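> Each chain is listed here by its residues.
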Amino acid sequence: MSLYHVLGAKQFTRPMLDQIFEVTEEMERIVADGGSDTYRNKVMTTLFFEPSTRTRLSFESAMSRLGGKVIGTENAAQFSSTIKGETLEDTIKVVSAYSDVIVIRHTDIGAAERAAAVATVPVLNAGDGAGEHPTQSLLDLYTIKKEIGRLDDLHIVMIGDLANGRTVHSLSYMLTNYKNIRISFTAPENVQIPNYVKKYLDEKGVAYEEEYDLEKVARTADVLYQTRIQKERFTSLSEYKKACGQYIIDSELLKVMKQDSIILHPLPRAGEIAVEVDEDPRAAYFRQAQNGLFVRMALLDQAFRAK
Amino acid sequence: MSLYHVLGAKQFTRPMLDQIFEVTEEMERIVADGGSDTYRNKVMTTLFFEPSTRTRLSFESAMSRLGGKVIGTENAAQFSSTIKGETLEDTIKVVSAYSDVIVIRHTDIGAAERAAAVATVPVLNAGDGAGEHPTQSLLDLYTIKKEIGRLDDLHIVMIGDLANGRTVHSLSYMLTNYKNIRISFTAPENVQIPNYVKKYLDEKGVAYEEEYDLEKVARTADVLYQTRIQKERFTSLSEYKKACGQYIIDSELLKVMKQDSIILHPLPRAGEIAVEVDEDPRAAYFRQAQNGLFVRMALLDQAFRAK
Amino acid sequence: MSLYHVLGAKQFTRPMLDQIFEVTEEMERIVADGGSDTYRNKVMTTLFFEPSTRTRLSFESAMSRLGGKVIGTENAAQFSSTIKGETLEDTIKVVSAYSDVIVIRHTDIGAAERAAAVATVPVLNAGDGAGEHPTQSLLDLYTIKKEIGRLDDLHIVMIGDLANGRTVHSLSYMLTNYKNIRISFTAPENVQIPNYVKKYLDEKGVAYEEEYDLEKVARTADVLYQTRIQKERFTSLSEYKKACGQYIIDSELLKVMKQDSIILHPLPRAGEIAVEVDEDPRAAYFRQAQNGLFVRMALLDQAFRAK
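Chains A, B and C supply the protein sequences, listed in that same order. 0 is the number of the first residue of the first sequence in numbering that gives the first Met the number 0; add one for each residue after it. 0 is the number of the first residue of the second sequence in numbering that gives the first Met the number 0; add one for each residue after it. 0 is the number of the first residue of the third sequence in numbering that gives the first Met the number 0; add one for each residue after it.
Simulated from the structure, these hints should not be mistaken for laboratory data. Being a predicted model, the structure only gives us computed values, none of them experimental. It is possible that some hints are incorrect.
[Claimed, not checked] Calculated cross-link-like contacts (lysine-lysine; reagent style DSSO-like; alpha-carbon spacing at most 30 Å):
{"hint": "1", "chain 1": "C", "residue 1": "K83", "chain 2": "A", "residue 2": "K230"}
{"hint": "2", "chain 1": "C", "residue 1": "K240", "chain 2": "C", "residue 2": "K254"}
{"hint": "3", "chain 1": "A", "residue 1": "K144", "chain 2": "A", "residue 2": "K215"}
{"hint": "4", "chain 1": "A", "residue 1": "K144", "chain 2": "A", "residue 2": "K257"}
{"hint": "5", "chain 1": "B", "residue 1": "K145", "chain 2": "A", "residue 2": "K92"}
{"hint": "6", "chain 1": "B", "residue 1": "K92", "chain 2": "C", "residue 2": "K83"}
{"hint": "7", "chain 1": "C", "residue 1": "K9", "chain 2": "C", "residue 2": "K178"}
{"hint": "8", "chain 1": "B", "residue 1": "K92", "chain 2": "C", "residue 2": "K257"}
{"hint": "9", "chain 1": "A", "residue 1": "K144", "chain 2": "C", "residue 2": "K197"}
{"hint": "10", "chain 1": "A", "residue 1": "K144", "chain 2": "C", "residue 2": "K254"}
{"hint": "11", "chain 1": "C", "residue 1": "K92", "chain 2": "B", "residue 2": "K92"}
{"hint": "12", "chain 1": "C", "residue 1": "K92", "chain 2": "A", "residue 2": "K230"}
{"hint": "13", "chain 1": "C", "residue 1": "K83", "chain 2": "A", "residue 2": "K145"}
{"hint": "14", "chain 1": "A", "residue 1": "K83", "chain 2": "C", "residue 2": "K83"}
{"hint": "15", "chain 1": "C", "residue 1": "K240", "chain 2": "C", "residue 2": "K198"}
{"hint": "16", "chain 1": "B", "residue 1": "K215", "chain 2": "B", "residue 2": "K241"}
{"hint": "17", "chain 1": "C", "residue 1": "K178", "chain 2": "B", "residue 2": "K83"}
{"hint": "18", "chain 1": "C", "residue 1": "K254", "chain 2": "B", "residue 2": "K83"}
{"hint": "19", "chain 1": "C", "residue 1": "K230", "chain 2": "B", "residue 2": "K83"}
{"hint": "20", "chain 1": "A", "residue 1": "K9", "chain 2": "A", "residue 2": "K92"}
{"hint": "21", "chain 1": "C", "residue 1": "K144", "chain 2": "C", "residue 2": "K215"}
{"hint": "22", "chain 1": "B", "residue 1": "K203", "chain 2": "B", "residue 2": "K9"}
{"hint": "23", "chain 1": "A", "residue 1": "K254", "chain 2": "C", "residue 2": "K92"}
{"hint": "24", "chain 1": "A", "residue 1": "K145", "chain 2": "C", "residue 2": "K92"}
{"hint": "25", "chain 1": "C", "residue 1": "K9", "chain 2": "C", "residue 2": "K254"}
{"hint": "26", "chain 1": "B", "residue 1": "K178", "chain 2": "B", "residue 2": "K254"}
{"hint": "27", "chain 1": "C", "residue 1": "K215", "chain 2": "C", "residue 2": "K257"}
{"hint": "28", "chain 1": "B", "residue 1": "K240", "chain 2": "A", "residue 2": "K92"}
{"hint": "29", "chain 1": "B", "residue 1": "K178", "chain 2": "A", "residue 2": "K83"}
{"hint": "30", "chain 1": "A", "residue 1": "K178", "chain 2": "A", "residue 2": "K144"}
{"hint": "31", "chain 1": "B", "residue 1": "K203", "chain 2": "A", "residue 2": "K83"}
{"hint": "32", "chain 1": "C", "residue 1": "K203", "chain 2": "C", "residue 2": "K240"}
{"hint": "33", "chain 1": "B", "residue 1": "K241", "chain 2": "A", "residue 2": "K83"}
{"hint": "34", "chain 1": "C", "residue 1": "K203", "chain 2": "C", "residue 2": "K144"}
[Stated by the list, open to error] Using C-beta positions, here's what the derived DEER-type ranges look like:
{"hint": "35", "chain 1": "C", "residue 1": "E278", "chain 2": "B", "residue 2": "V274", "range": "40 to 46 Å"}
{"hint": "36", "chain 1": "A", "residue 1": "D279", "chain 2": "C", "residue 2": "E24", "range": "35 to 41 Å"}
{"hint": "37", "chain 1": "C", "residue 1": "S235", "chain 2": "A", "residue 2": "Q10", "range": "56 to 62 Å"}
{"hint": "38", "chain 1": "B", "residue 1": "K230", "chain 2": "A", "residue 2": "A116", "range": "48 to 54 Å"}
{"hint": "39", "chain 1": "C", "residue 1": "E24", "chain 2": "B", "residue 2": "D36", "range": "43 to 49 Å"}
{"hint": "40", "chain 1": "A", "residue 1": "I82", "chain 2": "C", "residue 2": "R218", "range": "35 to 41 Å"}
Note that the Cβ used here is the ideal one computed from N, Cα and C, for glycine as well.
For reference, chain A alone in the conformation it holds in the complex (with noise of 0.2 Å):
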């Protein structure tokens, strides 16, 4: 059962969730104990064809953590074979004869998939386009689980940009396998969650619903889940502004909500989280950063002991 790819949220059973979380925690206590160096003889690639400092950093610190060497490159679209015309399935067939494990963030849905089909290592999604990004996902369960204490029974309210917004697309995926799961679709009117998604939940039969009020959710929510609206996703800056500013968590929406609840966001934030809110205990995201790499060790580790 153990992990070889990482490739979208679907792939993942509950019995493969419970065991990723399990190590996740002994990465929890491996960083506090001062790391690791298990895989100092394995070499992970990072290529991004989309920049993500972020992402990319993480899975970097991950594999440090775990004592391996890193090699990569921070903008693959602009430097790499690509632009002499190389294909991806070429690329990743060299790349595999140099690593150990290849994290791959790219602009094309099914990238990392494609990826897979030709690699000779583990392929770990790290987001295609407005694709997948299930290594976010995970970090997200896992910080519910850590927070909350449960998956099971939760209200969780996703917000803001839902139609361009590939992690709450792999999370609301990850979440039709815990019971009495309620969703709340909050977006503005040019950015709502997909019909793919709500297919998906009807298949899966997890309550959803499309709301408009954040605070009338908020009441009740366990989990609120807020996202930036994408301005790179956007074709026209008309489209963009109708749909910013219109859902901002502040001091005034802490008010009703409960007080075991937390606020949850993939990161970076542009204002749609105020300042304010960090103080409070609900906001939960620079934790949930935190268990990033937590996570992405535990999938290192996993696709090591796989091969």
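Please build the complex by placing chains B and C on the supplied structure of chain A, with the hints as guidance.
Frame of chain A, contents of chains B and C only:
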């Protein structure tokens, strides 16, 4: 006889090549056994004034597999002190102070020699403009030796952009160390092998011919060495288009090739070898890329021992 | 008294400087003995919002020589979450979770202090715009101590762009810790030393003068500290040209300099020290660059011990 700087193909004698390939075989075993940490206290700096993700990752993986540390820059031309007016010589003097070995890629012919002249550590040339790319030629030769079993008595066909392709120049020079070599140069009219390469082969008594009929020479070839028409080396699009698409290795050509021949390519490719060829056992170009790791490990090992 | 953050020159007292230089000497011995792996489980993140290959490589080599791991970004401004609208504070909070120390270079004055205010790990300022560059000044002082044998009783001439050159500001501040210091500021008319630096020297009782005759002050100088006219800090080309080429150190100037004096330069240079000077034993600027490695190792060591 141990190597220190690796600057150009002409510096290598047959005994030196024999020794490098012997160490390379040892490196293959070391990688198979899970790597080494012999050079854990050594620091390699990669200075890439011209992007080449593939070559850089290959060197960085090689250093990592030997346990060493890697620092460097993906794009020295854009980011470094160069844009502040610093000479290459000053850059190298400073970087020498931080490094145990420098791997340099530069746009200017002779840049690696200029670097070696002032460096206080070994310099490995990872390509200097339209000049040389000696580590590529070493891995080419190693691949031929490993795949065909010998480096004497060979018919080698070099195909594609032979005017701008530095790998074919360096490989031609190195082949003069071996007996009974016959080279066929098969290039589009506007990118033929330069006179200075032919002159060197004449001096060394190596047999060569310029032949426009690829199918004819493929019948007797032991090695088909295909190269990409390098768009970035052309000043006019019409010249580029004239050179493109004339010589493609596909399943039709496979039919006339000898069973014990091989196809090499320095990669990346951009259509000049059809994807259908990949499945044929004679398609050795991905194994060739893998050999790059072992050869570069051997060169680093030699450089550290020579010090 | 152990150091944690390194933010600006004014934070250093003479006993702190004594201690840093003692550790620096130890680091020289460690490098001579082949390095250390004391900090093999530590991770350093380099966040360079403004490119500076030299400074970054110096820090990364320092961390590597101590056995540590390095992650980071060459060009945080272009690639990071910053372009998605993230504040520096948010970036630092997240990166803190992945790192044991953060090295930051930024375009804005005070950026390092803002980073330190929210970081949960030590922050080392590698230059904040036209603000400070304290690690450079520490290596400058260390070089003077090593080359001249003392840090009291010195005549130091600072030459070049004294308006925009943060290294001369930081160095001037640090020199106030020593006795009987005399500073001559020799700058083109449009890039003279700012009043706030002179005011600080006045407060601390350090003797200084503004002197346009380089040859005159060079006769008594113990240290000529030359700096580059930084084209990138000028808004008009004509202003830049006015400042350029006025004060050049060449073989003629060497003739009037004292035999036991030294020439320093933070590098890169762009013509303001003639290449012919390099061979003179008083040309200490490349040894100075080398000392940067040792000083940064000492600062990392202090930061990890303070933690």
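> Work down the list of hints and note, for each, if the structure agrees.
Hint check:
At roughly 8 Å between alpha-carbon atoms, K83/C and K230/A fall within 30 Å of each other, so this suggested pair holds. Annotation: proposed proximity of K240/C to K254/C holds, straight-line Cα distance about 27 Å (limit 30 Å). This hinted pair checks out: K144/A and K215/A have alpha carbons roughly 24 Å apart, not beyond 30 Å. A hinted pair counts as satisfied when its Cα atoms are at most 30 Å apart, and K144/A with K257/A qualifies at roughly 17 Å.
Between K145/B and K92/A the CA atoms are separated by roughly 20 Å; this keeps the pair inside 30 Å, and the hint holds. The straight-line distance between the Cα atoms of K92/B and K83/C is roughly 38 Å, outside the 30 Å bound, and the hint therefore fails. Simply put, K9/C and K178/C have alpha-carbon atoms about 16 Å apart, close enough for the 30 Å limit, and the pair holds. A C-alpha spacing of about 26 Å is found between K92/B and K257/C, which places the hinted pair at or below 30 Å, so the restraint holds.
Simply put, K144/A and K197/C have alpha-carbon atoms about 58 Å apart, too far for the 30 Å limit, and the pair is violated. For the suggested pair K144/A and K254/C, the alpha carbons sit about 74 Å apart, so the restraint of at most 30 Å is broken. Distance hint between K92/C and K92/B is unfulfilled; the C-alpha atoms sit about 37 Å from each other, more than 30 Å. At most 30 Å may separate the alpha-carbon atoms for a hinted pair to count; K92/C and K230/A meet this at roughly 23 Å.
About 29 Å separates the Cα atoms of K83/C and K145/A, which keeps this hinted pair within 30 Å; it holds. A threshold of 30 Å between alpha carbons decides the hint, and for K83/A with K83/C the separation of about 29 Å falls inside it, so the pair holds. Only pairs whose Cα atoms come within 30 Å are accepted, and K240/C paired with K198/C is accepted, the gap being roughly 29 Å. With a CA separation close to 22 Å, the supplied pair K215/B and K241/B stays within the 30 Å bound.
Restraint check: the Cα-Cα separation between K178/C and K83/B comes to about 35 Å, which exceeds 30 Å; the hinted pair is violated. A distance of roughly 29 Å separates the Cα atoms of K254/C and K83/B; the hinted pair therefore holds under the 30 Å criterion. About 8 Å separates the Cα atoms of K230/C and K83/B, which keeps this hinted pair within 30 Å; it holds. Of the pairs offered as hints, the one joining K9/A and K92/A holds, with about 25 Å between alpha carbons and a cut-off of 30 Å not exceeded.
Taken as a hint, the K144/C and K215/C pair is honoured in the structure, with Cα atoms around 24 Å apart against an allowance of 30 Å. Straight-line distance between C-alpha atoms of K203/B and K9/B comes to about 11 Å, which keeps the hinted pair within the 30 Å bound. Of the pairs offered as hints, the one joining K254/A and K92/C holds, with about 25 Å between alpha carbons and a cut-off of 30 Å not exceeded. A C-alpha spacing of about 20 Å is found between K145/A and K92/C, which places the hinted pair at or below 30 Å, so the restraint holds.
Proposed proximity of K9/C and K254/C is contradicted: the alpha carbons are some 36 Å apart, above 30 Å. Pair hint K178/B plus K254/B holds up; C-alpha atoms about 28 Å apart against a cutoff of 30 Å. For the hint linking K215/C to K257/C, the alpha-carbon distance of about 12 Å falls within 30 Å, and the restraint holds. A hinted pair counts as satisfied when its Cα atoms are at most 30 Å apart, and K240/B with K92/A qualifies at roughly 28 Å.
Between the alpha carbons of K178/B and K83/A the distance comes to roughly 35 Å, so the proposed pair goes past 30 Å and is violated. Straight-line distance between C-alpha atoms of K178/A and K144/A comes to about 14 Å, which keeps the hinted pair within the 30 Å bound. As the CA atoms of K203/B and K83/A are separated by approximately 34 Å, the hinted pair breaks the 30 Å bound. For the given pair, K203/C sits about 35 Å from K240/C by alpha-carbon distance, which is inconsistent with the 30 Å threshold.
A threshold of 30 Å between alpha carbons decides the hint, and for K241/B with K83/A the separation of about 18 Å falls inside it, so the pair holds. A threshold of 30 Å between alpha carbons decides the hint, and for K203/C with K144/C the separation of about 21 Å falls inside it, so the pair holds. Range check, E278/C to V274/B: Cβ separation about 57 Å, and the 40 to 46 Å hint is violated. Separation of D279/A from E24/C is about 49 Å and departs from the stated range, judged on CB atoms against 35 to 41 Å.
Checking the proposed 56 to 62 Å range against S235/C and Q10/A shows it holds: the Cβ atoms sit about 59 Å from each other. Against the hinted window of 48 to 54 Å, the Cβ-Cβ separation of K230/B and A116/A comes to about 28 Å, which falls outside the hint. With their beta carbons about 28 Å apart, E24/C and D36/B fall outside the hinted range of 43 to 49 Å. Between I82/A and R218/C the C-beta distance comes to about 56 Å, which lies outside the given range of 35 to 41 Å.
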